[in-house]
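First to last, the protein sequences are chains P and G. Under this note's numbering, the first residue of the first sequence carries the number 1, and numbering increases by one thereafter. Under this note's numbering, the first residue of the second sequence carries the number 1, and numbering increases by one thereafter.
Just so you know, these hints were derived from the structure itself, not from any lab. Built from N, CA and C at the ideal position, the CB exists for glycine as well. Treat each hint with caution, since some may be false.
From the derived model, a few chain G residues whose C-beta atoms are all more than 12 Å from chain P [claimed, not checked]:
#1 Gly85
#2 Ala115
#3 Arg126
#4 Ala339
Partial list, computed: chain P residues near chain G (C-beta under 7 Å) [claimed, not checked]:
#5 Asp33
#6 Leu37
#7 Leu40
#8 Ala44
#9 Trp56
#10 Gln58
#11 Met265
#12 Thr282
#13 Pro284
#14 Ile285
#15 Gln300
#16 Met303
#17 Ile318
With beta-carbon atoms standing in for the labels, derived distance ranges [said to hold, decoys possible]:
#18 P:Gly87 <-> G:Ala189: 38 to 46 Å
#19 G:Gly273 <-> P:Arg412: 55 to 63 Å
#20 G:Asp89 <-> P:Pro329: 55 to 63 Å
#21 G:Arg75 <-> P:Pro329: 34 to 42 Å
#22 G:Asp315 <-> P:Pro243: 52 to 60 Å
#23 G:Gly195 <-> P:Gln114: 48 to 56 Å
There are 2 protein chains.
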Amino acid sequence: MLSRNDCLQADQQDPLARFRQQFALPADTIYLDGNSLGVLPQGALARSQQVIAEQWGQGLIRSWNDAGWFELPARLGNKLAALLGAGADEVVVTDTTSLNLFKALAAALRIQQQAHPARRVIVSERDNFPTDLYMIQGMIDLLQQGYELRLTDEALPLEAALDDNVAVLLLSHVNYRTGAMYDMAATNALAHRHGALTIWDLAHAAGAVPLALNAADADFAVGCTYKYLNGGPGSPAFIWVAPRHQDRFWQPLSGWWGHARPFEMGSDYQPAGGIRRFLCGTQPIVSLALLECGLDIALQADMDAVRRKSLALTDLFIELVEQRCGEHPLTLITPRDHARRGSHVSYRHPHGFAVMQALIAAGVIGDYREPEVLRFGVTPLYLGYTDIWDAVDTLKRILDSGSWDAPQFHRRGAVT
Amino acid sequence: MLSRNDCLQADQQDPLARFRQQFALPADTIYLDGNSLGVLPQGALARSQQVIAEQWGQGLIRSWNDAGWFELPARLGNKLAALLGAGADEVVVTDTTSLNLFKALAAALRIQQQAHPARRVIVSERDNFPTDLYMIQGMIDLLQQGYELRLTDEALPLEAALDDNVAVLLLSHVNYRTGAMYDMAATNALAHRHGALTIWDLAHAAGAVPLALNAADADFAVGCTYKYLNGGPGSPAFIWVAPRHQDRFWQPLSGWWGHARPFEMGSDYQPAGGIRRFLCGTQPIVSLALLECGLDIALQADMDAVRRKSLALTDLFIELVEQRCGEHPLTLITPRDHARRGSHVSYRHPHGFAVMQALIAAGVIGDYREPEVLRFGVTPLYLGYTDIWDAVDTLKRILDSGSWDAPQFHRRGAVT
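Next comes chain P alone, as it looks inside the complex (with noise of 0.2 Å):
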């Protein structure tokens, strides 16, 4: 049976538990909710001084020269390839999740178009984030071309869905909700095998797992920025691209961002050359600059050291969840197997969001998803092996004293 103190002294060999002193955390907190938004780092509010009172105070509208406001996108981009197995010149950070999969969509068809124009599915898993089906949707209905959104569940294996009519595999590569990971280099080859090119949304994934995405052979890939990397509510998004596709990619959402010479005003859309042909309009630089605070932390961590405490981490949640809360009605539903999970744990419970909420009441900050599920964010950079196990005794507690069940506990607000 494993003890506090077993976890006193893990976290005392803990090589990132320097970290953690990068980070404003609230007192007497657990927060295992890094994956839904990630925490203030230090530098933050020092840095949105600096954009706020001088760059945009002082400096106006020269500041998008002399402050390089301007090239924001593709120089968080290039620093945030590093933590995507990304090249130079690979990525902008711009927009949402959203708007970047509706132009990698749009630029993924494209080329399908061209090369086979017969293929008109688009295969996305039923349980992928309902934005990216939203997404899909909305596209095709746009579209009006006869496009048909095709989704993998249990009845229908990833494997079985893909065939000669795919033109897009478009999924998440970590599973929002139970945190299952695929493996990126073999869903990959598979969808090559049969003709699609692959669309990856790692918002659960970017900053918590490693990601080769070259080395695994993805086509395109989007994701957030304000979960694991820590950027701040709704910190731009990002888009990366195949440098194979660099050439030849194109995307309707075509904005004076993106044009090859936005200052000559021209009235002619002529894209960008590589990446930047991704952005669009002006974007929300004091939130995009604070994204650079979370960026810097992690970019000085080693990323293998990050996933084997990752995996410590949440083994040790479900071990002690195991151990200590045996007795209760919690279904695991995040994959044991190291290679199939991400960085969060999940269990329903037939009492999910009332369980959740008197929790968040006692200090352990997590989340609850539809339908009854308890959904725990592990996040190496500031989260320790005790914190773990505080976290799963307040659980034990609120489970055996079934203080979960009063009133304020079952109200609901507009964000569950």
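Position chain G against the provided structure of chain P, taking the given hints into account.
Below, chain G alone, put in the same frame as chain P:
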């Protein structure tokens, strides 16, 4: 002949003079570029600290509910509505102007497609802001349904461009380069007589001129919040749809924020009622929240008084240039007619770029736009009559001395 003393007297009698203290303006600068990037409201720095340190740092994920983050696009849209002549629940603040143009265009084309499927022409102005044209071109290329962009210019006036094939008329209310303004009500009536729907880009109009979207019978409008609304660099844009279209419009950038029940996480997109279906992905909260500081100042001002002062200041600018710089090759390209003038004044000069760099070096910040255009934005909330005098005085000095013709004023940056 006007004197600087006349300007000092006008400032003393200016009922809007008190607004200047609500902004943090750089010393020794006359800022005539508020039509490109508005200035810093005094309250914005404290607001950013609240959002970053308290809401993000301490509230973390709870702030989506507790700090009202999720409601920001609709709540700020409702505030902004007063400046647009729009009603409650008709406006959301979200994404960028380019992206909102794409949404509005898709919505308008779909409405037309259902009623008048033969209409396949989109009319805009050759001299429109480029991103407006680029987004139309992207849409046409994406749809592959035989749509066509028809551009008005000297050879093809608007009246001649409208016929029974036109689905949508997309115009900027105030031209970004010349400052020329359309009569919105008359233009809507003209378009409607020809069966076309209208989309207005209000980037250079919102906060600068009185707007009455409903009274003028417009169909759709989008616009920018970082110019005359002082929202901060790249603060999110807005979109409005006329109440008569609210229950029937559709748009393809159908992300989860536009879903009727986003947190049920269903796999089928069901649009939210009304304007919220124009939302797509997670918004950049820090940049979005900061907009409220500028908005709150604008809402304190009487828009008719703002308009009177704007016209008085642009009249003054034009008059002083005539009186004092008459021997230099400056060609006014802004309409003298008040009814056709927005809130900036533009001149062509054969060496416009260098002249503007010399002005900026001397502390008079306007901007330059191809081809050879000097652009001077007039923002009545923080500019006075003496500022205009001093700006023209500096222009006169630079032109009289020829000091603009120095090597450093001919060098171009990435953003000119």
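Okay, the hints, checked on the actual structure:
1. Gly85: holds, 24 Å
2. Ala115: About 16 Å separates Ala115 (chain G) from the closest Cβ of chain P, which puts it past 12 Å; holds.
3. Arg126: violated, 6 Å
4. Ala339: holds, 26 Å
5. Asp33: holds, 5 Å
6. Leu37: holds, 5 Å
7. Leu40: Cβ of Leu40 (chain P) sits 4 Å from chain G, so the hint holds.
8. Ala44: Cβ of Ala44 (chain P) sits 6 Å from chain G, so the hint holds.
9. Trp56: holds, 5 Å
10. Gln58: holds, 5 Å
11. Met265: holds, 5 Å
12. Thr282: Constraint on Thr282 (chain P) satisfied, holds at 5 Å.
13. Pro284: holds, 3 Å
14. Ile285: Given a least distance of 4 Å, the restraint on Ile285 (chain P) holds.
15. Gln300: Gln300 (chain P) check fails; min Cβ-Cβ to chain G is 20 Å, beyond 7 Å.
16. Met303: violated, 24 Å
17. Ile318: violated, 23 Å
18. P:Gly87 <-> G:Ala189: 38 to 46 Å: Roughly 55 Å apart at Cβ, these two residues miss the hinted range, so it is violated.
19. G:Gly273 <-> P:Arg412: 55 to 63 Å: violated, 19 Å
20. G:Asp89 <-> P:Pro329: 55 to 63 Å: Between Asp89 (chain G) and Pro329 (chain P), where Cβ atoms are some 43 Å apart, the hint is violated.
21. G:Arg75 <-> P:Pro329: 34 to 42 Å: holds, 40 Å
22. G:Asp315 <-> P:Pro243: 52 to 60 Å: Since Asp315 (chain G) and Pro243 (chain P) have Cβ atoms about 56 Å apart, the given range 52 to 60 Å holds.
23. G:Gly195 <-> P:Gln114: 48 to 56 Å: Once the Cβ atoms are compared, 35 Å apart, the range 48 to 56 Å for Gln114 (chain P) and Gly195 (chain G) is violated.
When the structure is compared with the earlier hints, violations turn up for hints 3, 15, 16, 17, 18, 19, 20, 23 and for no others.
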